[in-house]
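Protein chains in written order, with the working numbering: chain R, 1 to 112; chain H, 1 to 113.
Check each hint, because a few of them may be wrong.
Claimed, not checked - Not close to chain H: a few residues of chain R, all C-beta gaps over 12 Å, as computed: (1) Q38; (2) K42; (3) D49; (4) Q60; (5) R61; (6) V62; (7) T69; (8) G83; (9) T97; (10) A112.
Unchecked claim - Here are the simulated EDC-like cross-link-like pairs (lysine to aspartate or glutamate), alpha carbons at most 16 Å apart as the crow flies: (11) K68(R) / D31(R); (12) K99(R) / D1(H); (13) K42(R) / D1(H).
Said to hold, decoys possible - If you anchor each label on the Cβ, the simulated ranges turn out as follows: (14) V95(H) / D55(R): 40 to 46 Å; (15) H73(H) / R107(R): 30 to 36 Å; (16) Q58(R) / E75(H): 35 to 41 Å.
I should point out that these hints are in silico values taken from the structure, not numbers from a laboratory. Each residue gets a CB set at the ideal place from its N, CA and C atoms; glycine is no exception.
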Amino acid sequence: GESVGLHLPTLSVQEGDNSIINCAYSNSASDYFIWYKQESGKGPQFIIDIRSNMDKRQGQRVTVLLNKTVKHLSLQIAATQPGDSAVYFCAESHSGTYKYIFGTGTRLKVLA
Amino acid sequence: DSGVTQTPKHLITATGQRVTLRCSPRSGDLSVYWYQQSLDQGLQFLIQYYNGEERAKGNILERFSAQQFPDLHSELNLSSLELGDSALYFCASSVGGTTYEQYFGPGTRLTVT
């Protein structure tokens, strides 16, 4: 069946370093991908998205890379800060279904 | 603050009971989505409504139902509750049915005892 997964359940990085969170997806028909951040006790917060006609998209301190050949998605956070500590989810969807499939999440811990 | 509101914040009930969770989308948003988040299964898409009509269904149990009212608020009804239904339930909204950026509410934590 369709699935979205993450390679690393927990990622610890030093403050100021760059973070890379990875995600694999299995549905080659998915054409839209989203990264969400969820802080403890709060709902998921949209970070950045990318459509399948792009390979890279940059936001403020974040970059999403999409490799359709190997069905891999990554989120890069530059100069990681303590406020970046959270669980990060990737999600995929196909424009014809309106459904969203979320990965199980990666916990990012920023070490002082 | 995403602009999406959910009530109640917490709900404790017994097995076999029925509860209703409420969601008010952001002003101007026509789509409402419901998700269940549990420790062992992550964030699961349940159902989507667009302007009062059901648009997509995910892994929603037959014991669960939802609706979106003319004022665009939505309710998720959970009946014959089981211990395994204990979870966080999130509502999200977006401007249109095909606009992908979703804004999530703070969630309702349901505990079934």
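Taking the hints in turn, this is what the structure says about them:
no., hint, result
1, Q38, "8 Å, violated"
2, K42, "6 Å, violated"
3, D49, "6 Å, violated"
4, Q60, "16 Å, holds"
5, R61, "19 Å, holds"
6, V62, "15 Å, holds"
7, T69, "23 Å, holds"
8, G83, "17 Å, holds"
9, T97, "6 Å, violated"
10, A112, "27 Å, holds"
11, K68(R) / D31(R), "10 Å, holds"
12, K99(R) / D1(H), "24 Å, violated"
13, K42(R) / D1(H), "10 Å, holds"
14, V95(H) / D55(R): 40 to 46 Å, "26 Å, violated"
15, H73(H) / R107(R): 30 to 36 Å, "33 Å, holds"
16, Q58(R) / E75(H): 35 to 41 Å, "39 Å, holds"
Checked against the numbered hints above, the structure breaks hints 1, 2, 3, 9, 12, 14 and satisfies the rest.
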